[in-house]
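Chain A is fixed; fit chain B onto it per the hints.
There are 2 protein chains.
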Amino acid sequence: MNTDRNAPIGVFDSGVGGLTVVREIMRNLPHERIVYFGDTARVPYGSKSKSTVLRYSRQIVRFLETQNVKAIVAACNTASALALDTIEKEVQLPILGVVKPGATVAVHTTRNKRVGVIATESTIHSHLYRTLIQAEDPEITVFGKACPLFVPLVEEGWTKDSITREVAGRYLGELLEKDIDTLIMGCTHYPLLRSLLREIVGEKVTLVNPAYETAQALKRMLSDMNLENQAPGGEPYRFYTSDAAEKFDAFAASILPCRVPAAEQIPIEEY
Amino acid sequence: MNTDRNAPIGVFDSGVGGLTVVREIMRNLPHERIVYFGDTARVPYGSKSKSTVLRYSRQIVRFLETQNVKAIVAACNTASALALDTIEKEVQLPILGVVKPGATVAVHTTRNKRVGVIATESTIHSHLYRTLIQAEDPEITVFGKACPLFVPLVEEGWTKDSITREVAGRYLGELLEKDIDTLIMGCTHYPLLRSLLREIVGEKVTLVNPAYETAQALKRMLSDMNLENQAPGGEPYRFYTSDAAEKFDAFAASILPCRVPAAEQIPIEEY
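Protein chains in written order, with our numbering: chain A, 123 to 393; chain B, 123 to 393.
Bound-form chain A, shown alone (with noise of 0.2 Å):
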């Protein structure tokens, strides 16, 4: 444990996609402090086996823990579907994932009990998204379908793009066929993809976003455990990668709601 109110959270992702969470955060946590590690030197995570994955997870939530963190955030839908269970009886900070808050506020936001899911291919195969909601309610029927091509679409920068809304179209179309109510976008990088997403299912489905939930729950998280910071300022946010830093700080200055510092990057295999 680290009892440190005024320590950051760590937040980690596969690559730059969880920069959506952590622009949550700042919007809804702004006096939190933030340590970010994006491994793009080993990104993506989406089509790897789960003992990879979970390989790759420990190392980072090793370098977190370096990093004096009081709390823990596994950004990364992959990461939080197939290594969070382990990891969180390994470490002893608090751990969140991003598939459990996007899990939950389906279950309270479908009306006839039907909610679609789309993710990576890893994401999809664990069935994370599945087992959450009909634990909490085993009358919801889940429809899961891989979007692999979604976040090469959105690294080309093609997120408004007839192509893409063509590539949307047919991954969603079996979805919208199952009569779905609410759609989870269970990638990092799919919010990105939102008002194109919203064009083709319509406005009467809920689009889930769990970036926003994982906010959400990490404050009510931080509130329960009395660790919220107290004494906001200094240099509220450091970022890493494994890789080059270049292109992640075009990213995260395109995405982000405020200038943050140049990330730096670190030998990530040897945590």
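Keep in mind that a hint or two might mislead.
Any copy, or any two copies together, can satisfy a pair, since identical chains are not distinguished.
In silico DSSO-like pairs for lysine-lysine, Cα to Cα no more than 30 Å straight-line [claimed, not checked]:
hint : residue 1 : residue 2
1    : K235      : K222
2    : K282      : K326
3    : K300      : K282
4    : K211      : K172
5    : K369      : K300
6    : K326      : K300
7    : K172      : K369
8    : K300      : K211
9    : K267      : K282
10   : K300      : K222
11   : K326      : K267
12   : K172      : K326
13   : K267      : K172
Hints listed in this document are in silico derivations from the structure and should not be mistaken for laboratory results.
This is chain B only, laid out in the frame that chain A set:
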């Protein structure tokens, strides 16, 4: 040096793409044994920095050395472009990349001295195709275009799809405007898009497949060095990966001309 003529060739790639090179070696050098390593736990390389790709490639070369190979083929354009110049000074074995054979053929193919290269972002930014082509003929103009969506589209299986055709039309449009008469498919996945690329560029543009040219260059090199296998037979092909091997095996089965044994996962960071 390893002067055992009957030793295997070591072939490596960031993942499954290098199997297109293996396929050409199998077809064109049927007596040679092959040890293949695919870095599926850290794939892709094409968006990563030179120092990271060099570190990964060094680990793989060390692993292949433990397999007593007689020569090494970097079957990955990105590794060939970013790491090979350094590694060939460090190892005692003959080592061949895919970039130089592809560049040489393009020099001899172009009539109007205007060559296009499509490849990953890192390969394009290295400018190695341009450097090698202009070293042979300074009058040739080389136009590069990074095509980051091609690999995920191939891995999605959409090799003959209307969406892929639209993406390819957009990527290749600017090269075609430059009046190229030769196009190098500078990433190991791209030959799997050959028929679709052919539709877009038309019959007047020659498509260069570095995988085929590399197999030819390997054949010449082994002959020049008296390293051709004299005792074919036994267990000719072995495959290793850094992540779980199931998906690798399925891809291998789909593109190789013969049945091969299942891949074995090894901890590449330890080399």
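Now for the hints, and whether the structure bears them out:
no.: 1; hint: K235 - K222; in the structure: within (17 Å within a copy, 58 Å between copies)
no.: 2; hint: K282 - K326; in the structure: within (21 Å within a copy, 34 Å between copies)
no.: 3; hint: K300 - K282; in the structure: both (25 Å within a copy, 28 Å between copies)
no.: 4; hint: K211 - K172; in the structure: within (16 Å within a copy, 37 Å between copies)
no.: 5; hint: K369 - K300; in the structure: between (39 Å within a copy, 28 Å between copies)
no.: 6; hint: K326 - K300; in the structure: within (13 Å within a copy, 47 Å between copies)
no.: 7; hint: K172 - K369; in the structure: both (27 Å within a copy, 13 Å between copies)
no.: 8; hint: K300 - K211; in the structure: neither (37 Å within a copy, 59 Å between copies)
no.: 9; hint: K267 - K282; in the structure: both (21 Å within a copy, 22 Å between copies)
no.: 10; hint: K300 - K222; in the structure: within (23 Å within a copy, 52 Å between copies)
no.: 11; hint: K326 - K267; in the structure: within (19 Å within a copy, 41 Å between copies)
no.: 12; hint: K172 - K326; in the structure: neither (35 Å within a copy, 47 Å between copies)
no.: 13; hint: K267 - K172; in the structure: within (18 Å within a copy, 35 Å between copies)
This entry does not satisfy hints 8 and 12, going by the numbered hints stated previously.
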